[in-house]
Amino acid sequence: MAASPSPAPGAPAKPAPEPVVRLRGASLRFGNRLLWDGLDLDIAPGEFLAVLGPNGSGKTTMLRTLMGLQELSSGTVEVAGRPATRGSRQVGTIPQQRSFDDNTPLRARDLVALGIDGHKWGIRLGRAKMRKRVDELLELVGATSYAERPVGVLSGGEQQRLRAAQALADDPRLLLCDEPLLSLDLHHQQAISSLIHRQACDHGAAVVFVTHEINPILQYVDRVLYLAGGRFHVGTPEEVMRSEVLSELYGSPIEVFESNGRIVVVGMPETVTHADPQHRAHPLQGA
Amino acid sequence: MDLSEIWSTVFSFEDYAEILPLVSNSLIAGALLGLVGGMIGIFVMLRDMAFAVHGIAELSFAGAAFALLIGANVVVGSLIGSVLASLVLGLMGAAAKDRNSIIGVLMPFGLGLGILFLALYQGRSANKFGLLTGQIVAVDTVQLGVLAVCSLIVMVALVAMWRPLTFISVDPAVAAARGVPAGRLSVAFMVVLGLAVALSIQVVGALLVLALLITPAAAAIRVTSNPVLTVSLSVAFAMTSVVGGILLALAGSLPISPYVTTISFLIYVVCRLIAWRREKVRHTEKMAAMAA
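In order, the protein sequences belong to chains Y and V. Numbered per my numbering, the first sequence spans residues 1 to 287. Numbered per my numbering, the second sequence spans residues 1001 to 1292.
In isolation and in its complexed conformation, chain Y is listed as follows:
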């Protein structure tokens, strides 16, 4: 595991600094479908938490809860010491890559600018100042070379760099990532995940990273929250990504192998393997 400023893996779940996220007795159910129940979780500054689990296990809903867009059925959720509210300046978000229409009348720099002040009313004043800020952010994420190009012609990876720039604009204390690497090539996957990690270790942001595939970010992950079938398990990757733990979560036999620093999970129930064919998470499924 890479060095990280967060508490040592395996330490008791009470980190010394004030946690960025504090979930207490958090439950969420839709009708009679229980996503999770009795979740107590603290996420420390600088900590990188990966949220894994099959489709429909409530990973994205977890992010929406932290954004203040989804209310808990019971329990409390605090972000930076206050109940989670929508539009908080303390929170940055990187969504799934979604292509823009070819003729969207925005350049790369305009998209980043919207991420900074798009929520404000009226038209933009103080353009020079904004331009400078956008230039800094583009530089930070390595997007300067295509600043003036229309967003519609950018590749998925280039667009995700702009997402990262938007999310980092307010120097957030909490960075929420919803499958940000989906459908990116390896080069861009590494670039984006290292940008996110940098925000954690250089700026002490807590990162909550929802993903189907832990391998591209394995070197950065401090803890894993694994959600499945209304249950969950929290711990270091070594603690959670084990055959016994996943078998218990899924209620069916699952085997976890480690090879060349990659984690390979075999025997996932079908809810997971429905995922996009680009996910190579479970190559031996059915074998």
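A hint or two may mislead.
As the list claims (entries may be wrong) - A few chain V residues that face chain Y, going by a derived Cβ cut-off under 8 Å, partial list only:
#1 Pro1021
#2 Ile1042
#3 Val1159
#4 Ala1160
#5 Arg1163
#6 Val1170
#7 Ala1173
#8 Ala1175
#9 Ala1177
#10 Arg1178
#11 Val1180
#12 Ala1182
#13 Leu1185
#14 Ala1188
#15 Lys1286
Stated by the list, open to error - Sample of chain Y residues lacking proximity to chain V, with all beta carbon distances greater than 10 Å (derived):
#16 Phe30
#17 Asp37
#18 Asp42
#19 Gly68
#20 Gly87
#21 Ala128
#22 His187
#23 Arg198
#24 Thr236
#25 Ser243
#26 Gly251
#27 Phe257
#28 Glu258
#29 Gly261
#30 Ile263
#31 Val266
No lab work stands behind these hints, which were simulated from the structure alone. Each residue gets a CB set at the ideal place from its N, CA and C atoms; glycine is no exception.
For chain Y, the structure is supplied; the task is to place chain V on it using the hints.
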């Protein structure tokens, strides 16, 4: 009618100087509507609402036809019709798919009502046709007042919503995370769009509103992705179409809408050609760079 007769019907500049002052109201109205159409067209494009514009226009037509029948103010009638239609769409059809089916249902109903009201109407038949195909030459001072006030409302509302509306239109996920109230903004936009449609009907008629609310923005988006330039071009195109259309229409004895729609269409074609040409150059350069 031979060709030269058709030509003199379409263009005849005799007495032009005497006619011009008589239509200054229409020119002012046209310029205002060009401004409104060019601005709101950008959002119609961004939000993929061309069909909604068409649907609102038909209900606006029904409202105007009803006003004509009962002898009320036609502009007010068309405003009521289109604001009602846009409220229904805004509240019921949040998702594009729902919206399209609701429009598909409302549109023939509105058009049918409009035809019924016109059939019952006993007055001057030019009034009837005007609702469908445009009648701005008849703008009097009272109507100009109503148009100006409504245009101002639309413009102020658009400027106020500009950034968050752009945000939810192009980037809904991040906008939601940023706490932008997408639902309320969408409904507010629909109402503003309803106003703009009702205004445009006074110029080009219910059947041709798209020439004012879509074509200029669609043309502008083809040639630039700079947001400020896009709006400026779109407004310039819309104003050129309307004001130019009115000025040309004075020279002939035809309604103004064919002039407006033709200018607007030609601008669009030119913009597409420019975009196509640029794309070709870019492609060639890319190929050359790869070969080098």
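To see whether the hints hold, each was checked on the structure:
no.	hint	result
1	Pro1021	violated (36 Å)
2	Ile1042	holds (7 Å)
3	Val1159	holds (6 Å)
4	Ala1160	holds (6 Å)
5	Arg1163	holds (5 Å)
6	Val1170	holds (6 Å)
7	Ala1173	holds (4 Å)
8	Ala1175	holds (6 Å)
9	Ala1177	holds (4 Å)
10	Arg1178	holds (5 Å)
11	Val1180	holds (5 Å)
12	Ala1182	violated (11 Å)
13	Leu1185	violated (10 Å)
14	Ala1188	violated (12 Å)
15	Lys1286	violated (12 Å)
16	Phe30	holds (19 Å)
17	Asp37	holds (25 Å)
18	Asp42	holds (22 Å)
19	Gly68	violated (8 Å)
20	Gly87	violated (2 Å)
21	Ala128	holds (14 Å)
22	His187	holds (19 Å)
23	Arg198	holds (20 Å)
24	Thr236	holds (28 Å)
25	Ser243	holds (36 Å)
26	Gly251	holds (33 Å)
27	Phe257	holds (35 Å)
28	Glu258	holds (34 Å)
29	Gly261	holds (32 Å)
30	Ile263	holds (28 Å)
31	Val266	holds (33 Å)
Of the numbered hints stated above, those contradicted by the structure are hints 1, 12, 13, 14, 15, 19, 20, listed in ascending order.
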